[in-house]
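Participant: Given next are the chains, with one letter for each unit.
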Amino acid sequence: MKRLRELWKLVRALATDDAYERYLVHHAAAHGGATPLSRREFYLGEQQRKWTGVSRCC
Amino acid sequence: MRKSLWILVALIGAFAVGGIALHRGETINAMWLVVAAICVYAIGYRFYSAWVVARVLSADASRATPALRLNNGRDFMPTHRWIVFGHHFAAIAGPGPLIGPTLAAQFGYLPGTLWILVGAVLGGCVQDMTILFLSTRRDGRSLGQMARDELGPVGGLAAIIGTLTIMIILIAVLGLVVVNAMKHSPWATATVFATIPIAVLIGLYLRNLRPGRVLEGSLIGIALLLFAVVGGGWVDHHPTLRALFDMDSKPLAWFVIGYGFIAAVLPVWLLLAPRDYLSTFLKLGTVLLLAIAVVIMSPDIKMPAVTQFIDGSGPIFGGALFPFVFITIACGAISGFHALVSSGTTPKLIGSETDVRLIGYGSMMLESAVAIMAMIAATLLDPGVYFAINSGPGVVGATADAAVATISSWGFPVTAEQMHTLAREMGETTLFARTGGAPSLAVGMASIFSSAFGQGLLALWYHFAIMFEAVFILTTLDAGTRVGRFMLQDALGHVWKPLGQTSWYPSVLFASGLVVAGWGYFLYIGVVDPNGGINILWPLFGIANQLLAGIALCVATGILVKHGKLRYAWVTGVPLAWLAIVTTTATWQKVVSPDVRVGFLAAAEQLANKLASGALSPEQAAVAPQLIFNQRLDAALAMLLTAILWIVIADMLRVSWRVVKGLPVPPSSEAPAVALAEVRT
Chain A
3 MKRLRELWKL VRALATDDAY ERYLVHHAAA HGGATPLSRR EFYLGEQQRK WTGVSRCC
Chain B
14 MRKSLWILVA LIGAFAVGGI ALHRGETINA MWLVVAAICV YAIGYRFYSA WVVARVLSAD
74 ASRATPALRL NNGRDFMPTH RWIVFGHHFA AIAGPGPLIG PTLAAQFGYL PGTLWILVGA
134 VLGGCVQDMT ILFLSTRRDG RSLGQMARDE LGPVGGLAAI IGTLTIMIIL IAVLGLVVVN
194 AMKHSPWATA TVFATIPIAV LIGLYLRNLR PGRVLEGSLI GIALLLFAVV GGGWVDHHPT
254 LRALFDMDSK PLAWFVIGYG FIAAVLPVWL LLAPRDYLST FLKLGTVLLL AIAVVIMSPD
314 IKMPAVTQFI DGSGPIFGGA LFPFVFITIA CGAISGFHAL VSSGTTPKLI GSETDVRLIG
374 YGSMMLESAV AIMAMIAATL LDPGVYFAIN SGPGVVGATA DAAVATISSW GFPVTAEQMH
434 TLAREMGETT LFARTGGAPS LAVGMASIFS SAFGQGLLAL WYHFAIMFEA VFILTTLDAG
494 TRVGRFMLQD ALGHVWKPLG QTSWYPSVLF ASGLVVAGWG YFLYIGVVDP NGGINILWPL
554 FGIANQLLAG IALCVATGIL VKHGKLRYAW VTGVPLAWLA IVTTTATWQK VVSPDVRVGF
614 LAAAEQLANK LASGALSPEQ AAVAPQLIFN QRLDAALAML LTAILWIVIA DMLRVSWRVV
674 KGLPVPPSSE APAVALAEVR T
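The listed protein sequences derive, respectively, from chains A and B. Counting from 3, one number per residue, gives the positions in the first sequence under the working numbering. Counting from 14, one number per residue, gives the positions in the second sequence under the working numbering.
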């Protein structure tokens with residue numbers, strides 16, 4: 003059961019599904035008090051950032 | 014105990030490599046290649062990569078990486094090494110390692126296989142890992158920035174020009190592969206077209222319905238893509254729809270050009286990002302499936318170890334074994350493009366310096382394994398069938414009878430009946446002259462899949478493989494156009510400020526238009542070329558990619574020397590010397606060879622003479638001036654690329670010489686060392 007849960011965590015991390023949760027944890031620790039971005043704002047911002055440099059190859 | 018295990022691996026590896034090298038029977042089982050590859054990778058990873066990381070790079074696990082020092086919860090963030098491995102592999106693996114080996118199989122299975130293994134273990138993996146490490150030490154700086162910081166402005170400028178050129182040629186050649194796969198194939202065309210609205214649908218889902226739930230969005234998308242493969246079959250059987258999607262290569266080329274432009278200017282969340290998620294899932298799934306299927310089925314390889322075409326007379330592309338096998342297979346052995354990814358997103362995620370071994374060296378090893386699988390898929394076909402699919406009409410003859418007669422006369426028997434049956438089984442009207450590598454790879458993959466997972470679905474597997482390759486390629490195409498646009502805007506910003514603003518729409522449209530026009534030109538010429546166009550564009554792409562690898566290795570060698578590691582400089586210096594020899598020889602031959610199938614100028618000359626003497630048909634005469642101009646342009650481009658490489662090499666040698674003589678050089682751009690303990694508290 004524990005193994006399965008870890009596998010699920012790994013799959014979510016590979017798909018970047020956990021990015022927002024990780025951002026919230028970091029945000030709370032680093033800028034406690036300020037309002038974090040909403041899930042949607044965060045997602046759109048991340049897409050923009052990811053696709054600004056070379057992210058895909060031949 | 015440990016030691017004897019590794020001795021055993023070495024012995025098995027040596028036996029397998031010796032076996033494939035010396036075997037001269039009718040066929041050889043693919044497991045020989047698989048075992049040889051696994052042993053070579055295992056030894057390379059266990060010993061060479063460990064030595065390079067410890068001695069040459071002196072990676073220090075107690076030194077805080079930028080992900081730890083600059084953690085912002087977004088791009089800089091320490092991440093588990095297997096997850097970074099997954100992201101990095103997904104980023105470097107594209108259609109390149111699938112197409113290159115398929116084309117290089119014209120020399121037989123042996124030369125390509127050996128180059129893929131040796132090139133990866135000693136060249137490609139080392140390059141990827143070293144650049145990843147150096148960029149990690151420099152807060153994730155790009156290859157161009159590192160070249161400028163460490164060597165000087167000349168190296169930096171060369172890296173930027175090289176990158177932009179390779180991008181243009183790469184996109185053109187990939188566009189051509191996709192056009193050739195869709196040409197007069199209603200099933201493939203309908204399926205590939207359907208992938209666009211599917212991506213848009215997933216984009217809307219991920220933005221509006223369930224923001225950021227990539228996993229479920231992608232699973233829905235994959236289900237829709239599989240449905241699109243089946244749906245393409247229905248289109249193929251419907252008389253009206255069939256006619257609608259039965260398109261010639263010219264309109265398809267315009268479609269690809271239009272798609273590239275639209276995808277580059279639309280917001281990323283709508284088309285580019287969701288397509289990339291789908292492509293990544295599909296890529297990882299299919300590679301895994303292919304590996305399992307190859308092992309289950311362990312097919313026999315029917316291609317000879319070495320064919321007569323090593324003399325340069327090959328029908329798929331002209332040119333002798335040396336240097337052209339090393340140009341044709343870039344991705345899978347050593348790919349300069351990887352240096353751009355290794356010096357971009359990935360270094361910002363690395364949690365410990367020693368992780369570069371798994372992430373840099375390991376990912377490239379896996380990509381090399383993909384290339385080996387592509388080689389197996391190409392060489393398990395009857396050689397006659399392989400050549401019939403991949404040879405252009407200009408080489409073997411335009412009719413089926415002429416083509417089979419020419420190919421059979423080479424000692425690779427094939428009949429028109431055989432090709433017809435195969436095409437029918439794959440749900441295609443014809444498989445003759447389907448150049449570009451994608452159809453022959455799809456036939457190979459379909460036969461592996463169907464014999465491993467149930468016969469009778471050949472046509473479905475074939476079109477699944479085509480869809481898989483097309484999704485891959487269109488992803489590289491739109492992402493590449495976007496990157497090219499950013500680079501161009503950056504450069505144009507120096508000319509006129511507003512053009513440099515990446516969010517100013519007129520500038521976006523202008524720069525995207527320029528990039529698309531650049532690759533669209535080469536794509537269009539490739540489409541009208543009666544020899545298939547791939548034979549011109551692929552070597553040019555290979556030269557460009559190896560040039561970029563040369564620049565990356567120059568940067569790495571220069572930095573090693575500057576850090577007092579002159580005696581280890583051969584680690585990157587030897588692959589660099591090899592690439593310099595290969596690209597320079599290839600360029601020389603592509604420019605001055607009197608053989609019209611190799612030399613650009615000779616081909617231009619011959620066509621010009623034919624045009625002048627009126628020996629061409631009216632249609633041929635209409636496109637001849639464009640083809641002549643293009644061949645001359647290609648010659649100039651190849652010379653430009655090689656000149657850039659030698660300029661960077663000279664710059665690197667100049668800096669190294671000054672280091673040895675104790676003269677001043679640009680200071681190291683390495684970020685100051687911060688101990689792990691300081692960041693953690």
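If you're looking for bench data, these hints aren't it; they were derived computationally from the structure. If you're wondering where the values come from, they're calculated on a predicted model, not measured in any experiment. Mixed in with the good hints, there may be bad ones.
As the list claims (entries may be wrong) - Computed list of lysine to any residue pairs in SDA-like fashion (alpha-carbon distance at most 20 Å, straight line):
no., chain 1, residue 1, chain 2, residue 2
1, A, K52, B, K578
2, A, K11, B, K578
3, A, K11, B, A67
4, A, K11, B, T515
5, B, K578, B, F89
6, B, K296, A, R14
7, A, K4, B, H93
8, A, K11, B, G364
9, A, K11, B, S516
10, A, K52, B, V521
11, A, K52, B, T515
12, A, K52, B, L614
13, B, K674, A, K52
14, A, K52, B, A67
15, A, K11, B, L228
16, A, K52, B, M90
17, A, K52, B, S516
18, A, K52, B, N84
19, B, K296, A, K4
20, A, K11, B, M90
21, A, K11, B, W282
22, A, K52, B, P91
23, A, K52, B, F89
24, A, K52, B, T358
25, A, K4, B, I96
26, A, K11, B, V521
Participant: Hey, A:K11 versus B:K578, does the alpha-carbon distance stay inside 20 Å?
Facilitator: 41 Å, violated
Participant: Between B:K578 and B:F89, is the straight-line Cα distance small enough, at 20 Å or below?
Facilitator: 29 Å, violated
Participant: Regarding the pair B:K296 and A:R14, is the alpha-carbon distance no greater than 20 Å?
Facilitator: 17 Å, holds
Participant: Does the alpha-carbon distance linking A:K4 and B:I96 stay inside the 20 Å limit?
Facilitator: 19 Å, holds
Participant: Sort out whether B:A67 lies within 20 Å of A:K52, counting only the CA atoms.
Facilitator: At roughly 32 Å apart (the allowed maximum being 20 Å), B:A67 and A:K52 break the hint.
Participant: Taken at face value, is the distance from the CA of B:G364 to the CA of A:K11 at most 20 Å?
Facilitator: Holds - the C-alpha atoms of B:G364 and A:K11 are around 18 Å apart, at most 20 Å.
Participant: Check the hint pairing A:K11 with B:S516 against an upper bound of 20 Å on the C-alpha distance.
Facilitator: 36 Å, violated
Participant: Would the pair A:K52 and B:T358 pass a check requiring their Cα atoms to be no farther apart than 20 Å?
Facilitator: Holds - the C-alpha atoms of B:T358 and A:K52 are around 8 Å apart, at most 20 Å.
Participant: Given the hint that A:K52 pairs with B:V521, does the C-alpha gap stay at or below 20 Å?
Facilitator: Holds. A:K52 to B:V521 sits at ~18 Å (cutoff 20 Å).
Participant: Are the Cα positions of A:K52 and B:F89 separated by 20 Å at most?
Facilitator: Satisfied, since the Cα-Cα distance of roughly 12 Å is no more than 20 Å.
Participant: Need the status of pair B:K674, A:K52: alpha-carbon distance at most 20 Å?
Facilitator: 43 Å, violated
Participant: Taken at face value, is the distance from the CA of B:M90 to the CA of A:K52 at most 20 Å?
Facilitator: Roughly 14 Å separates the two Cα atoms, so the pair holds.
The structure is inconsistent with the numbered hints 1, 2, 3, 4, 5, 9, 12, 13, 14, 19, 21, 26, although it conforms to all the rest.
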